[in-house]
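Protein chains: 2
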Amino acid sequence: MHDKPIVVCLVIIAHKPQVMGAITIKILAEKLNLSTATISKALSDSHEISVGTKQRVLQLARELNYTPNVYAGSLRRHKSKTIAVVIPEIADSFFSLALNGIEEVALANSYHTLIYLTHEKLEREKAILKELAGGRVDGALVSVTAETDSVEHLYEFNSQLPLVFFDRVCPEIDTAQITTNDFESGYLATKHLIDAGCRKIALLSISNKLNIISERVRGFKKAIVDHNLNDAGSCVVECDENPDRNHQLISELMQRVDRPDGIVATVEKLTTEIYLVCHDLGLTMPNAVKVVCFSNQPSATIFNPSLTTINQPAFEMGKAVALALIKFLKNSSISLPDESIEIPSKLIVRRSSSN
Amino acid sequence: MHDKPIVVCLVIIAHKPQVMGAITIKILAEKLNLSTATISKALSDSHEISVGTKQRVLQLARELNYTPNVYAGSLRRHKSKTIAVVIPEIADSFFSLALNGIEEVALANSYHTLIYLTHEKLEREKAILKELAGGRVDGALVSVTAETDSVEHLYEFNSQLPLVFFDRVCPEIDTAQITTNDFESGYLATKHLIDAGCRKIALLSISNKLNIISERVRGFKKAIVDHNLNDAGSCVVECDENPDRNHQLISELMQRVDRPDGIVATVEKLTTEIYLVCHDLGLTMPNAVKVVCFSNQPSATIFNPSLTTINQPAFEMGKAVALALIKFLKNSSISLPDESIEIPSKLIVRRSSSN
DNA sequence: AAAATTTACTTAAACGATTAAGTAAGAATT
DNA sequence: AATTCTTACTTAATCGTTTAAGTAAATTTT
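So the protein sequences, as listed, match chains X and B. Residue numbering for the first sequence follows this note's numbering, beginning at 1 and increasing consecutively. Residue numbering for the second sequence follows this note's numbering, beginning at 1 and increasing consecutively.
Keep in mind that the hints are not guaranteed to be accurate.
In this list, chains with the same sequence are indistinguishable; a pair is considered to hold if it fits within one copy or across any two.
[As the list claims (entries may be wrong)] Heads up, simulated DSS-like pairs for lysine-lysine below, C-alpha to C-alpha not over 30 Å straight-line:
# : residue 1 : residue 2
1 : Lys79     : Lys346
2 : Lys54     : Lys126
3 : Lys41     : Lys126
4 : Lys31     : Lys130
5 : Lys221    : Lys130
Hints are computed from structural coordinates only; laboratory data are not their basis.
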């Protein structure tokens with residue numbers, strides 16, 4: 001009895017370390033009998049090189065699929081063509097839209113984008129910036145953590161590395177700050193509720209250390225005063241990062257004897273908790289309570305009821321902040337603070353605050 | 001009349017280019033009267049250096065706030081300690097959660113994370129990977145575009161640069177593929193609707209080029225057949241990137257004489273359109289139509305009605321894909337394909353599909 | 001026709017780190 | 001006491017580019 005032949009075919013495609021096969025300028029130089037200087041200059045289209053030579057170099061480079069070693073280039077030129085984005089979190093419609101804008105501008109200008117999440121931890125923010133200051137990036141776009149109360153570390157790093165702020169800015173640092181009209185938005189959201197009939201309005205904030213939150217609170221308070229509302233009825237409730245605790249806080253708020261008839265939530269992540277608490281307590285919006293949230297979620301239209309929002313220009317702010325930094329990197333004689341802009345948010349009225 | 005003295009105080013804090021102030025190993029060497037080799041070895045805690053010298057070096061390095069030049073190190077070592085994430089978009093709960101997981105693992109392993117968005121364009125995917133293959137990163141985590149039908153470019157780059165896929169994977173490429181149970185999820189979502197009483201179910205897909213979508217469709221079809229539903233009543237509708245066109249497509253679907261009584265949406269971004277169309281047409285969920293969406297939005301609970309979802313383990317998949325690559329980078333003798341895993345999704349039943 | 005300029009290159013140093021190979025002094029072994 | 005081995009360094013090459021400075025030949029100017 002004959003065994004059938006067994007053919008075992010084992011193909012191993014190894015990942016060659018980049019080192020090995022990599023085509024360098026030196027290899028091109030040898031093949032063309034030219035110096036590496038000539039190759040380098042030809043590739044950068046220098047006037048010192050004849051048209052014919054340039055063509056030969058370019059042709060061979062294409063043939064061998066030459067790609068320059070970015071680390072050699074960066075070492076030599078002292079610039080990395082890379083920027084960093086340092087933000088508290090990414091699973092948030094504001095920051096993900098902003099990152100979208102940043103990436104778009106970076107790509108258009110041939111910059112690469114490193115992403116770092118602080119998860120609202122000041123220590124992490126410091127550690128990241130310290131590492132970045134070592135030269136890994138040409139500059140950083142930052143939106144500070146809710147814990148960032150002192151700006152010392154930012155001061156320190158700003159002298160080594162251009163920093164540009166967006167949304168959660170640091171006015172104390174002398175650089176570009178890309179903001180939205182937080183004060184007006186806080187005012188407008190509150191005024192909208194007052195106009196809709198609310199008399200006791202609660203503002204839900206997170207960290208009072210954040211400049212943008214205190215601006216929103218300032219707008220809120222001014223609206224209360226401007227409309228002669230009894231200040232006693234209105235209040236500011238400070239929430240935090242923990243959804244369960246926030247649920248508890250909001251639940252307590254809504255069970256007070258003098259419970260508010262209007263809520264301004266200054267942070268998107270409080271939205272779900274507000275809806276859940278109201279549902280649990282049988283408080284229907286907009287009758288029992290009217291709600292406005294700072295939020296960019298496209299799905300706000302399909303909430304039950306649809307949610308009145310302050311929509312921040314997240315994408316535009318991302319583009320603006322990246323543009324400010326890149327403009328400076330291309331021409332460091334411009335003044336970064338002059339690149340600061342404020343892009344207005346929009347109040348979009350939906351069913352959670354109006355019949 | 002004496003003019004009051006006017007004191008103008010103009011402080012210009014210039015951004016010193018990193019070059020200037022940067023402390024190098026050479027400077028440390030000079031100050032300590034040692035060679036650069038000694039400094040380098042002392043900093044990496046080499047046994048060749050005496051304890052006393054190590055201490056002096058470390059002390060001075062700390063004092064002068066020395067940070068190594070990453071470009072010099074990367075050039076010399078042929079590795080960048082940087083990975084790239086190449087995804088279709090970021091303003092999507094799946095990808096932003098996945099990025100969250102990726103960043104967490106990268107940070108824990110001292111890797112840096114570059115982010116690139118393809119915006120579903122194959123050309124962009126190719127261009128990005130070509131650039132990355134030049135050595136900027138040690139490897140890339142990719143989730144392919146909806147246009148990616150051929151894998152040639154991936155084949156090509158995979159030989160130069162370790163690629164690892166997640167979610168929108170490429171089974172043709174011999175590497176780690178981190179997936180969820182798309183077939184079972186498609187089956188389960190459909191079965192759930194059938195059990196809830198649906199008899200004519202529509203599946204909304206996007207690009208049929210995507211492996212994960214065809215898996216979901218396969219599960220859908222099997223459920224239809226297994227439950228002896230008249231195949232004529234069920235259908236697959238292919239949507240795309242344009243919300244308005246999707247609205248139109250869904251609207252037409254729901255106005256057919258034999259309109260479906262159940263919908264499985266395989267992509268999160270179709271959710272809002274489905275709700276809007278149903279609202280416009282006066283079709284109430286779950287009575288007139290029952291809906292299940294593949295979605296990770298936390299706010300699904302507060303939709304009107306709350307949405308039954310297939311929840312993908314986005315964060316875990318992000319961690320897994322980053323871990324697979326980094327494990328390989330630390331020990332290239334492991335087999336990447338063996339790192340493939342499937343992490344199951346969960347069906348979360350809410351009001352859009354049940355009374 | 002001599003001098004000056006331009007063209008099209010090359011040489012070599014530099015960027016800041018790592019590391020193989022070398023070395024001088026002291027300690028241990030025989 | 002001569003030999004070998006350690007210890008704790010230094011020297012110098014290297015990674016892949018860029019670029020200031022140099023040069024020989026061709027071209028233009030005087």
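Looking back at the numbered hints, which does the structure fail to meet, lowest number first?
The structure conflicts with hints 1 and 5, although it agrees with all the remaining ones.
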